[in-house]
Amino acid sequence: MTRPLGPVASASLLPTGLPSVDQTALQRHLIQCAKARGRWFGVALMAERLHGLVLPRLATTAALGAITLGLFAHWL
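In the working numbering, each residue carries its 1-based index in the sequence shown increased by 1.
For the record, the hints were derived by calculation from the structure and aren't laboratory data.
The structure displayed is predicted, hence computed values, not measured ones.
The C-beta atom is built at its ideal place from N, Cα and C for all residues, glycine as well.
A few of these clues could be false.
Label pairs and their computed distance ranges (CB to CB) [stated by the list, open to error]:
{"#": "1", "residue 1": "72", "residue 2": "46", "range": "27 to 33 Å"}
{"#": "2", "residue 1": "77", "residue 2": "35", "range": "28 to 34 Å"}
{"#": "3", "residue 1": "58", "residue 2": "28", "range": "40 to 46 Å"}
Please build the complete structure, drawing on both the sequences and the hints.
Now the structure itself:
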């Protein structure tokens, strides 16, 4: 296989029916997407997942946090 590793596509993998301006814009977009997956991408992904898990259950999470903090303070 001659496909590159990762999300950056070479010019030969782009659709051939596009005008050259669209092909260049698509290539720039693919490079920008690849650069966005930097070293902090995993941390941002986990934070987004945690946010999606906690936000719909905000009242429950706050109540459990308050109970946990209360138990911890009582234990000290």
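Here is how each hint holds up against the structure:
1. Checking the proposed 27 to 33 Å range against residue 72 and residue 46 shows it holds: the Cβ atoms sit about 31 Å from each other.
2. Hint check: residue 77 to residue 35, Cβ distance near 49 Å, so the stated range 28 to 34 Å is violated.
3. Checked against the hint of 40 to 46 Å, the pair residue 58 and residue 28 passes, with Cβ atoms roughly 42 Å apart.
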